[in-house]
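A.B. asks: Chains as they are written, first to last, in my numbering: chain R, 1 to 452; chain X, 1001 to 1488.
If you are wondering where the hints come from, they were derived from the structure by calculation, not from laboratory data.
Keep in mind that the hints are not guaranteed to be accurate.
Derived DSS-like pairs: lysine-lysine, alpha-carbon spacing no greater than 30 Å straight-line [as the list claims (entries may be wrong)]:
hint : chain 1 : residue 1 : chain 2 : residue 2
1    : X       : Lys1018   : X       : Lys1272
2    : R       : Lys344    : X       : Lys1461
3    : X       : Lys1272   : X       : Lys1112
4    : X       : Lys1287   : X       : Lys1222
5    : X       : Lys1272   : X       : Lys1149
6    : R       : Lys353    : X       : Lys1149
Remember, it's a predicted structure, so these values are computed and weren't measured experimentally.
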Amino acid sequence: MARLAPIDETAAGPAAPGADWLTGWRNGPADGPDASPDWLGAARADAAGRFAGRGLPDRRVEDWRYTNLAHLTGLELDWAPAPADVAKESLPALVFGREAECRLVLVNGQVRPALSTLPALPEGTLLTSLADALASGHPGVADLLKQRAAMDGGALKALNDSWLEDGYVLIVPDGVTVDMPIEILSVGTGGALPPAYQPRNLIVAGAGSRVTVVEHHVGLCIGGYFANLVTDVAAGPEAIVRHCKVQDESREAVHIALLDAALDSGAMFDSFCFTLGGRISRNELRVSLDAPGAHCRLNGAYLAGGRQHCDHTTSVDHVAPETHSDQLYKGVLDGRARAVFQGKVTVRPDAQKVEGHQMSRALLLSETAEVNTKPELFIHADDVQCSHGATAGDLDGEALFYLRSRGVPEGQARQLLVEAFLNEAIDAVALAGMRLPLERNVARWMAERPAS
Amino acid sequence: MAATAQTVAQVRDLGKYKHGWETEIEMETAPKGLNEDIVRFISARKDEPDWMLDWRLKAYRHWLTMTEPTWAMVDYPAIDFEDIYYYAAPKNAEGPKSLDEVDPELLRTYEKLGIPLKEQEVLAGVQGAPRVAVDAVFDSVSVATTFKKELESHGVIFCSISEALQNHPDLVRKYLGTVVPYTDNFYATLNSAVFSDGSFVYIPPGVHCPMELSTYFRINAKDTGQFERTLIIADEGSYVSYLEGCTAPMRDENQLHAAVVELVTLKDAEIKYSTVQNWYPGDETGKGGIYNFVTKRGACRGDDSKIRWTQVETGSAITWKYPSCILQGDNSVGEFYSVAIANNAQQADTGTKMIHLGRNTRSRIISKGISAGRARNTYRGLVRMGPKALNGRNFTQCDSLLIGDRCGAHTVPYIESRNRSATVEHEATTSRIGEDQLFYCRQRGIGEEDAVALIVNGFCKEVLQELPMEFAVEAQKLVGISLEGSVG
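Could you put the whole structure together from the sequences, leaning on the hints where they help?
C.D. replies: Here it is as structure tokens:
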């Protein structure tokens, strides 16, 4: 039998970066004079070696078979962009529809305290930049980063590991509940050359703590940039971490994000990803349910049109027995957009009494849109209940007919059905204040889409 | 249900692998190893036309440039392709002859396997069952084909592929390699170079094949690889149901079986292809067994044509097999029904590909995987809706059942949709036998192992009922036997 799903011959060749593409990268902080403390320099150098040995993944790498990064190698990038001049007033309207009480702003991956709103947080809670946390020698940060940077997680993680310069750090001590949602506003702006930046973010939630993070990624330019983010999450026993991400990057941006979460006993990680922007985007979640009672919910909704390519990849590893995962991803595609959903659920040997469910649905609104889905189950224990489902297709003809027969014009009926379709995922957003703005985004997207 | 009672009885009475014996018969083999001379030897032995030899050599040269695929979830030690006999034939069986001339030792072999090589008989003594024409392939050659005369009177060609190359070279040349080209994949390319025999079926336009056609493959000789090639062509408006069975002796070494099956259906034609795969699976510790690396693919070339694959995979140490359909014709239909059982140390990586190219094409995939012992069972499949597959429709259901906490069940579907009007649906579940189901059976006095066989048969029912009747009975028994020793 031939390779399953032979590679599209018309696609550009391997995305291995040429020497030119890497020039700027080699001048990055991996070799910079500020590579201190020692372990950090070593970690960067080690990661740089890993990346150089591998290059950007091409479509022969199974995890990347549907997402082609050749576009990136065609860009001449500015690997160490100078701080961009951004006025606080120019920052976009907030996702909550009102002023956030707590907001940390990053521009091109660098934390900008002057643009941020940082009220007093409950005692012991730390919200700061990675640069500051490293400079002050915060032991928790160093330990976690050391451990996570050494983990092999593919070429783009290695690229991020080779940087380890800035990003946001959120540490919530044991037993602390942070009531106000913490908004992270990440702004990408162009320059003479498209900037490339690799923020490294850490969220550490102590035992029994509760925290909600809203990440809002926006582009303040028409042009492109390359954001390669890695977020490490460590949730202690009984901690609850809610993570809501709205990705509305510039339509020319390349946004590659990896979030790696490790959950202790009884911990809960709730993730929602709303993808709207980017020329090429990938949101990858890896969740390791390390102790009994750990539970994760990964949901997402995406809208893509034009020539956008958006990829959602998840990997849930049920390491311990009595762990639970639930996933729901829904997307709408228009124009020549392409979407990818890859979802892997692994149940380790002896991880009994595990439940893992996953559902992925895609709506194709145009003749030229495309969706590729690969849900995978790897089960090594028997007392488990696991399932996945995937669908792709047009709107339900009968539902459309029902509305039309009641006098709803076709365009409006389609809009209603698309909104209803996505709302199933949006309704799962734990932060109630987020739902309405997200629904408005859907309505606006539908209204603005070119007539087909 | 009588068959279920029979299954239970069968489980109790029978040994683990009843076809593990060996026939002592004088064999002629080519020297061990693989090179161009071996390819030439095989071609010369079969007195093939020059174009066939050229094709084989092209395949062989291409094969030298290829590497073994590693993406399947199977582990096995590297195969030494130089340590295999690529050709082994019973001395007295140079080409199929009339039944009276077949070596009685071979006839006894097939009798013992329950395969009637006498035309009056029917399979397994099932009364009232339709007659079945059998092509018997023993190691590298076809030794007999039954009911040939009667089939000929309907215009149906059913013979070994070697014979077809002699008598119908144009037909073979027209279709061979058009569904699975010689460059297709490592094992298919190897097969293209060294295939020794297999069945050839041609159903002329408008003919509903009057009986089931069947090929029975037997590996007997030691250290041989079996490389059979089957080609079935259903011309416009015709229908054929084809069955395939296979067994091998129990040996401590692994043996390679790398087959290629190509199906072609033209306008309005239908092929129903059923397999009960019962190669020797190796012992409980994973020693021995057949490596079953098979490429099966059907092309629905014509409008309104249909290909239906049904497989019951119980044997082989390793199964690597993805019977696929290329739905080219408008309104064509592809179906895949599979039960894959892996017990002890067996590894199965199997599934299907449905490539929708034509308009209004439909496909349906029902896969039931059962893992027991330390076995690994993977469903791997692809559903692709091409940009022109207007109103294409697919439904896929993959269920896995786990028996025991040391086995693995994996599901790896690829779903690609490039057509808005196409609808693709996929569902997969993994669970174990419910304690309540087991309790219900046990409470009624059914022993644990019998209860498992019963429940598993129920789990597989959707697939088993797609098999021709006499095969379904056989398959139900096999399901019970394959799982023996998996409980407790």
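A.B. asks: So which of the earlier hints does this model not fit?
C.D. replies: 6
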